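J.: Listed here are the chains, written in short residue letters.
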Amino acid sequence: MSTVPSKAKAVVIGAGIVGNSIAYHLARLGWRDLVQIDKGPLPNPGGSTGHASNFIFPVDHSKEMTAITADSVRQYKELGTFTECGGIEVARTPERMQELTRRISSGKSWGVTNSRLVTPAEIKELVPYIDETVIVGGFYTPGVGVVDSLRAGTLMREKAVEMGALLTFANIEVLGMDVENGRIKRVRTDHGDIEAEYVVIATGCWSPRLAKMAGASIPLTPAVHQMKDIGPVPFFANSRGDIEWPIIRDMDTNMYERQHGTGLEVGSYAHRPILYTPEDIPSNATAALSPTEFPFTQADFDIQDEHSLELMPEIIGDENVREKYAINGILSLTPDGMPILGETSEVKGLWAASAVWVKEGPGTGKSVAEWMVLGESEIDLHSSDIARFHEHQKTSFHIKARTAEGFNKTYGIVHPSEQYESNRNVRLSPFYDREKSLDAVFFETAGWERPFWYESNASLLVKFGEAVMPRTSEWESRWWSPIINAEHLQMRETAGIVDLSAFALFDITGPSALAVVQKVAVRQMDVAVGRVVYTPVLSLNGGFRSDLTIMRLGKDYFRVVTGGAHGMADKKWFADQLPIDGSAQIVDLTSAFTTIGVWGPNARNILASITDDDVSHEAFKFSTCKVIEIGTLRVLASRISYVGDLGWEFYIPIEQGAKLWDALWEAGKKHELIPVGIGVYGTTGRLEKSYRAYGAELETEYNVVEAGMQTPKLKEQDFIGKEAHVRHRAQKPVTTLCSLTVDDHTSSSGEKRYMLGREPILTLEGAPVIDSHGRGSYVTSAGSAPSLGKHLLMSYIPTDFAVVGAKFLVEYLGEQYPVTVAGVGSTPLFDPENGRILS
Amino acid sequence: MILVLIDHDLGEIDPLSLRALTAARKLSEEVEAVVIGEAGRSVADIVGNYGAKVLHVATHAELTDYTPAASGRALVQLIEKLAPQALLAVGSPRGNEQLAHVATMMDLPMASECSEITFGKPHSVVRARWAANLFEDALVHSDLLIATVLAFSVEPELAPGETKAKVEVFMVELSSADLRVKVLSRGGDTGRGGVTLADAKVIVSGGRGVGGPEGFAALEELADLLEGTVGCSRVVTSAGWRPHAEQVGQTGTKVAPDLYIAAGISGAMQHIAGCKNSKNIVVINTDPEAPIMAYADYAIIGDLHQVIPALTAAIKEMKGK
Amino acid sequence: MNVLVCLKRVPLAGSTFLLTPDSTEIDTKHLGFGISPHEENAVEAGVQLIEQMGGALTLLTLGPTEAEEQLRSQLAIGASRAILVETEGEDWDPQATAAALVEAIKAEETQFDLLLFGAESADSAGYQIHIRIAHALGLPIVTNVKSMKIANGIAECERVAGTSREIYQTPLPAVITVRDGLNIPRYPSVPGRIQARKKPIDHKKPTPRVPKLEKVSLSIAPSNTAGAQILGKGAEAVPALVEVLKAIGILA
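Chains as they are written, first to last, in numbering that gives the first Met the number 0: chain A, 0 to 838; chain B, 0 to 320; chain C, 0 to 251.
Keep in mind that the hints are not guaranteed to be accurate.
[Stated by the list, open to error] Distance condition first, Cα-Cα at most 27 Å in a straight line; then the derived DSSO-like pairs of lysine-lysine:
1) 278/B with 315/B
2) 721/A with 571/A
3) 145/C with 200/B
4) 245/C with 315/B
5) 158/A with 232/C
6) 245/C with 399/A
7) 28/C with 318/B
8) 214/C with 120/B
9) 214/C with 25/B
10) 278/B with 245/C
11) 323/A with 28/C
12) 554/A with 721/A
13) 25/B with 80/B
14) 658/A with 669/A
15) 197/C with 323/A
16) 28/C with 80/B
17) 232/C with 315/B
18) 518/A with 399/A
19) 200/B with 278/B
20) 518/A with 571/A
21) 8/A with 184/A
22) 158/A with 76/A
23) 245/C with 105/C
24) 318/B with 245/C
25) 211/C with 25/B
26) 232/C with 278/B
Simulated from the structure, these hints should not be mistaken for lab results. Computed from a predicted structure; not experimentally measured.
Model the full structure from these sequences, guided by the hints.
T.: If you want it as structure tokens, here you go:
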């Protein structure tokens, strides 16, 4: 038995598709002294890779997923481990057909353009053993294929070995990990200890167990995916190779059927969620089949048997086609359905690459390796960033609740605004009861319950009539209310109060605090105390890492305010920049302070009526903040706006929040103050003002100039991404963020339809609009602009075509609608001079 | 006194029975043996050497071949006459079966495949389960202990000094019901060249790693050279590469040769159950972590397709063939 | 022809066992369940018989409620109906098991022509249930059968003994226990699964009995704790192996 080396640059734990791919790409990018270990034997150590169904459908509604999958397909093809066979997602219902048109659009948005809708008759041509009478149509993607993930992994490992970069050890168990000064120090195994600068956990469903050894958290759960291999199928008797016929996804029954040699593999995501803990996974020795192939539980598959029989009676109904193999295969599920990648927040140098499926394996390996070696990956991985999790999201209660709810939506029709029902009411603002009594409809962000609109404002619908732009179609009315638009219009007339408790807040203090914020922010941070600076935060390549607001509260004292959803990742980004000498600290105040916003023409009158401090335009300038007294409360007020009206954000210790709310509410009564939900704050108000949102318009794929956010003057001091930013400023942007209006909403059936975002922008001939860097144009955000009486879309448009009045098409649910560029760059369509904010 | 059933096939002793005799001798000074059928008289000398003071020959005109229900009846009658403390037999298919008939007829418990026996009230035994992958501590609530002895838990030992068994013929009374099932005839040969798996001193056994039926030629050649026979794992018979008669394991044949060569066998529990009592186990496997390694005495890490021919060649050279 | 097959739900083990903390049971949390291997041959034989000769195949088991899973799987292969004599999941000793099964068989209106068993259960391997049942029902019994022909109310059975085969004949009704190798058991088809869901399973409560063979605890058999002596890698290790074969007396 070999012993492991005592030192390594990086230790990759896990020899499934992810670990193999990371080891290879680390070697390719120049790292040496890599050690890979696995508890099981090679080439199949017994994890989920070993029993995966191994097929790849390229289209996903998620841009990030589609990009990673596309890169994985490219790599599988290069390794000669990809067999193209085509695939069809079939629909049994009209609702599903509509969903398939959405998938066509997502494909176009993300550059997968050869998919098409097919009729039952065409499907029968492609897949003769299907009963076409039970389906209404399908979505055919010729590029669907099957991979040999074990072979691909072996090849990648061998390449890394050939480069002299990698030693791989099978049958080695990790016993512990040592952390020193917050950094990973060594991996302890049953065959010796390895000191390492970096450790990557790529152990699938075992990952939480390994992370725990270092005091870190990888919030996923092992869960069952059932599959059954039946055969021999007479129809496949003469088949050569693994697969010749297209894979079928029977979307409405949450099942798939694929040829597997002379057999047919039937898989399901329809059964009850069967969740385990990583401690439940047996060793290779005590497992009946392999550690991640649990005994098949037929009772959970009874209905699926009938569903597959309906679709493929000729094969499934054949008495002589028998079960050859059936398992409850274990895969990893996360609470939000996305992978878990990146350096853990708890331990520097400890990286996670977990909850990755075979279809994403090589692309993930490449991206994570780039992230480790180069500091960032070519593909934006923010939706998969391990730093995204808030504390409550790491609990097994949350993981179990959300994965159980999400499991049956694997093939589901999921509305873009769809809310989780489980594990709600985790984080409540001090005004929650008041909001509830106003019949708030709550949406969740990072555990916070946030009013999206208030049913108590329903009476405003009468007042504003057609101006609220009512919708008739069920799909666009779902998770939406015209009250949002009514609140918007009323706020613009009088004033609105907004619960912003979900903001993530953290203070940076100490002698080096200025240096830290300077390093992160694009904008000048060496400003007067009391200034509020809204700034992009860039990645090394000059793309967007975030956008946020920083208040200078003292010489060595800054407060960062950012959105709740992305708050934890931002916090890690700042924390990573702290000097090691301890001369700056970061303190998370999210749960210490609550935030209330009041905006609208009457905002100043309301505030002035309850404070003796001077809040006039001259005394309290825009983009400044100061502490004012409201009764007995000392409140940090900040005069900024994300909705386009005069007003303030108020920061107050959380236990005094209700008192501040009551004071503003009482004072507001004389000024027609209404409660306003996040529907206005996050969508309608911001769209009218062309304000960008991280994760929608702002991603690492786009730079500050393209987003139209460059300052006239470049900051003298250095900051992350500056070199690239300087380069971007010197060039003409290849694409420019624009606001577009929909010229005609009328569909072929005569109903007015309203895009929800992520739809492809096409030329008038229906061709994709692609910039010179190969990026396609798609709708980054969409929503009502009630003050303009328009439905607005934002999209990057190649700069040469980004002119006001330029005409394009947007594809939505299988139909194309004419749109016109109404604004180029960040100049807002509503109140372009910002007269309201600056009043 | 402990009465031990000695099994024989048409007068030829089942050597495993001597293990039961040895086990009995360790429990008591007073050990007597019984054979079913006149033909069994021939074992008198040998059971004497192994310490039986008396050999009871259960005799009846119809007891000419193996007839388990009649055996049971004969034993019950002998027990009634001798009132022994225990009735033992070896835990072979025949031993287990005949004693089960006795236990049933007397409505008493029977403990099969015991590796340890301690007399008492109740008696305590350790008995094998899961083909001796697990052991059970159990209590037997009966005066007369009826038990079979786990064959490989005891090595046969000659009794010290000069011992001889006195032969006593015992006439049995049988009803027609006891004789409903008996051997009608005997069929042909089952093993290769007359060497059965159960008797072979050397077994060269192949598993999934052999790769296919044609791969067994090399194993056969080696087995012939070592005057042994070929065995295989359940995967191999399920795939139809070899006949079921060659399967070693819980549901095949349990073996205990002097040398067991496991080539390309990973070692499922069911296979190990059948071979782990071999005196020497040599494993040839590419995977140093295969479960069978835990049972191996010697191992070569490597491909059997290279190791076996090389071994055959080396032995041929040695033997000057 | 009416055939009865007796089954036992047993865990499907990997290469080693885990025991419960009190060492009285196998820890089955990682394990699936099936029936004892020889019993798969018994069911297959029963299915073939009723396919050829008509009649019904009844399954009988003593076990926990969950044993319904094993009965459904075997119903899916072609059995007609099943009887589950329900325990609380604890082991029953052989006498009690046999008595409970006899009670269930006697309560049946059907007269079974053939009662099939596996030669041994994978877990407890007591080698006696079938014999106790045969006596209780007054039926002849043939055990360890590897080949079987049934015609004109007579079963001709073959079992292996030493180097030869023994042929037995017994009139029906009879009890026969069969071994792996008798046939190749089939697996269920999906239509079989669907039909099996509609087939009847009678649930019965057995009369409890005091165990005469009383389980106290379990322990795991030790493996070769010394570990294997590695002779080397590949063909290069052959000379070392030859030396070993000389040392242990296989080669002169």
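J.: Work down the list of hints and note, for each, if the structure agrees.
T.: Hint by hint, here is what the structure shows:
no. : hint             : verdict
1   : 278/B with 315/B : holds, 24 Å
2   : 721/A with 571/A : holds, 20 Å
3   : 145/C with 200/B : holds, 25 Å
4   : 245/C with 315/B : holds, 14 Å
5   : 158/A with 232/C : holds, 24 Å
6   : 245/C with 399/A : violated, 61 Å
7   : 28/C with 318/B  : violated, 54 Å
8   : 214/C with 120/B : holds, 15 Å
9   : 214/C with 25/B  : holds, 24 Å
10  : 278/B with 245/C : holds, 14 Å
11  : 323/A with 28/C  : holds, 24 Å
12  : 554/A with 721/A : holds, 24 Å
13  : 25/B with 80/B   : holds, 24 Å
14  : 658/A with 669/A : holds, 18 Å
15  : 197/C with 323/A : holds, 23 Å
16  : 28/C with 80/B   : violated, 51 Å
17  : 232/C with 315/B : holds, 21 Å
18  : 518/A with 399/A : violated, 39 Å
19  : 200/B with 278/B : holds, 10 Å
20  : 518/A with 571/A : holds, 14 Å
21  : 8/A with 184/A   : holds, 11 Å
22  : 158/A with 76/A  : holds, 16 Å
23  : 245/C with 105/C : violated, 61 Å
24  : 318/B with 245/C : holds, 12 Å
25  : 211/C with 25/B  : holds, 25 Å
26  : 232/C with 278/B : holds, 23 Å
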